[in-house]
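Trainee: Can you make the complete structure from the sequences, with help from the hints?
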Amino acid sequence: MKSEPTVRAPGRPRLIQFARWFPVFVGILTASSSIFAEPPANSLIPSIFSPDSTPADHIYGLALFVLSITTVIFVVVFTLLLYATVKFRMRRSDDHREPPQVYGSNQIELAWTVIPVLIVVMLFLATARVIAQVQDADRSPDSIDVTAIGHQFWWEFRYPGLGVVTANELHIPVSDSVSPTPTFLKLLSADTDHSFWVPRLAGKTDLIPNRVNQMWIDPHHTGLYLGQCAQYCGTQHALMLLRVYVDSRSDFDAWVRSQSRSAVAVALTNADAAKGREIFEATSCINCHTVRGTVADGRFGPDLTHLMSRETIAAGAATNTPANLKLWIEDPDAIKPGSLMPAMRLTEQDLNSLTAYMETLR
Amino acid sequence: MASETLAIAPTGLSTRSLAERLHEWAVTVDHKRLGILYIGYALVFLVIGGVEATIMRVQLAVPNNHFVSPQVFNRMFTMHGTTMIFFVAMPILFGFSNYTVPLMIGARDMAFPRLNAFSFWLTAFGGLLLYFSFIGGFGLYGAGSAPDVGWFAYAPLTSKVFSLGHSTDFWTLGLLVSGFGSIGTAVNLVTTIVCLRCPGMTMHRMPLFAWMSLVMSGMVLFVISPLTAAQGMICIDRYLGAHFFDTQAGGSAVIWMHFFWIFGHPEVYVLVIPAFGFISEIVPVFSRKPIFGYPIMVAATVAIGFVSFSVWAHHMFTIGMNSYANSFFAITTMAVGIPTGIKIFNWLGTMWGGKIIFKTPMLFCLGFLFQFLIAGLTGIMLSAAPFDWQLSGSYFVIAHFHYVIVGGILFAIFAAFYYWFPKMSGKMLNETLGKWHFWLFVIGFHLTFDFMHIPGLLGMPRRIYTYEPGRGWEIWNKICSLGVFFQATAILIFVGNMAWSYWKGRDAGNDPWDAWTLEWSTTSPPPVYNFADIPSVYSRRPLWDLKHPEDPDWKYE
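Protein sequence lines correspond, in order, to chains A and B.
Taking our numbering, the leading residue of the first sequence gets 26, the next gets one more, and so forth.
Taking our numbering, the leading residue of the second sequence gets 944, the next gets one more, and so forth.
Quick caveat, the hints were computed from the structure, so don't treat them as lab data.
Just so it is clear, CB atoms sit at the ideal spot from N, CA and C, and this is done for glycine as well.
Hints may contain errors.
Cross-link-like lysine to aspartate or glutamate pairs, in silico, EDC-like; alpha carbons within 16 Å at most [said to hold, decoys possible]:
1) B:K1490 <-> B:D1454
2) B:K1298 <-> A:D167
3) B:K1490 <-> A:E123
Where chain B lies over chain A, by a calculated footprint (3+ residues, C-beta under 8 Å) [to be verified]:
4) 126-133
5) 149-156
6) 255-263
Mentor: Here it is, written out as structure tokens:
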């Protein structure tokens, strides 16, 4: 028997059963999503669902839109699949006769082609709007410029015009609706591909050698925002961490003033530190590191002029304590295996002096 | 028939020595044996790739773990990705195509049997070359090295400056060589399907798996070529001083991305289209109904094939393309969802009103349907370019494509194993073990890959060998790692099931599933020549016509 290409209406009692369970299902979904949807405002969890900057806000809005559409599709198709699986299972009492052989139906095919097309059009319009909002945004005259340069495995930040060079810990001013001061980042790479990703501030953008990329962020609140390199860049990709400190305008100005100064000469009373400076300038340290105001002007490694103003060393791999600093100079691999900084094989005494010198770089 | 059996008996398998039998497998040009070789070879690599994945999951189970060094971890994810795509998924799908397509279309072998053997051995050699890097990367002195550039090997990590020794060369040459193998098999499948169909089997009556193999093979011809060219360029960069991708001498890292992803994205469809083919063969048989909307299924497959060539740069939304390029690749990517959705609905339509039999092959098909639905929907999320700026390169992407490849493709492959193993071996796979395999794998899969989406949303990037505590990632990573052990147990049961069933299993007979395509009309396993008489067909389901002479399909098509 060939039947006409019709689809039978689903049995009503079963449908009611489904309807009864549906709120429970939605409840579970909502509960589980709230676990990560709303962390506290000052959380260090870099969740894309707690945006605090215009590009991240736009993306969050689009994400909610896309998530709600896909959730509806999921619930509808999942229910249909589950219904078909349960309803049309072969029963034990089956007569083992073949079911009606249905070959297809052009009307139904048309329906489940046209509806997805409409959904795609809708999704695309929403997407294109956000692409334009983020990528083609007008640049406000009060914006801050920062050049971020990716290195294996640390970040160099240069503030052209402000005379500041720092590493791994980006300081930017807060940008509120009263005085918007967005930060525009010019992204470059010194070696391999990297990617700048601070989820609460913006989507990621890659830093690619021989290419100039850019992105912008305008954090609405002061505080610390965590991120890290999101494009595999070599052995220590994992510990190429990124910290963005959003300061109030006055704090930021003060920070710029202190960072743009050269290194203060080591006090003569601190003999240990003076010895450390001699060691620093007599070994190959200065090939890679800069300490402004001294002969050290290497650019392969992070600028150390104001090293002690940073909370972490080794691109966030360790906190900036004297003990960690000493261990780092003695054997970088102990903190960050695969780091490009060589172990200088210094004596214990020299290590102590060098660490003492580093501690004067405030 | 009786006299033929007698003529073969004196040289029958049982009377020959092991060496003779191995030699026979090594020099075979029979499409069935080559198919089994492909599948067996891929299974070995599946286990190896699985071990690599397990090492990574153990390392990531807790923050700041020191189970392996960063160097070893980076080699593991490079080898895992490369192995699973090039030496598991592709060979296993080629293996099934090789085995079943000639049988399904009523042919006695592939169009070019020697090319078939040559292609298999090239692929096999490519895999060995890749794994030789563990010994040869830095020579015996540095044994244990392997490429650590990631499976898409972004320039300039592959240049001499950043990749010392020969590990990258083994990666490059391994893929180059196996790529030629893939092209050979693709040419062979296209020719076979176009030229060797039995009388009466028009393109319009071809089983859907044959159609999907045709589309897949056509795509392979176009996608492997840019990959092969790019591998050649790396070799020239590394050894002849060219600067295609050498950014320090003015080369372009972005050009490599384009070369790789114009291969890499269609490659996903190269893998998933044959998986669609398995589903399209198995779901009808176990629903006792013909496929719903055959012509639409063919059209949707061809459409996916074409559209998939215009979406590659959605892997590159974060490289700083302008807003027009981002918009273009967003809409083409979303457009792929339309024919894919049509397929899911057609499988649903096939089940609707049928009588679904929950044998293991069908269980895996159902797993595929539910999971592929989710994989498709997370794909839609990723296609919204700004959303992708957050998700790209995070664990969300890892979860998404493992949902496609494991939850979709691998489930379809398992379905195919349980469905065609009786044809290949003459023995049924054990149903109880099959159900254990299914349920354990489902649990393990969902533990690992459902929860893997979450750290991605919380900012965890991929390819990091360790992470700091306190970012909300610990619990999810622990659950992901836990799932691995369920999956590994399931795989052990699967391998054990195959071994046990091969020696002790129930005899399958010619047609254990009461199916409708031509491979079920011959013996299990089929004779070397497949069919004593070349069959003639009159509809898409020739065996249905034979079994139901009162109600044949050809009256309705």
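Trainee: If a hint holds in the structure, say so; if it does not, say that too.
Mentor: Going down the list of hints, with the structure as the test:
no.	hint	in the structure
1	B:K1490 <-> B:D1454	holds (12 Å)
2	B:K1298 <-> A:D167	violated (69 Å)
3	B:K1490 <-> A:E123	holds (11 Å)
4	126-133	holds (count 6)
5	149-156	holds (count 6)
6	255-263	holds (count 9)
In terms of the numbered hints stated before, the structure departs from hint 2 and from no other.
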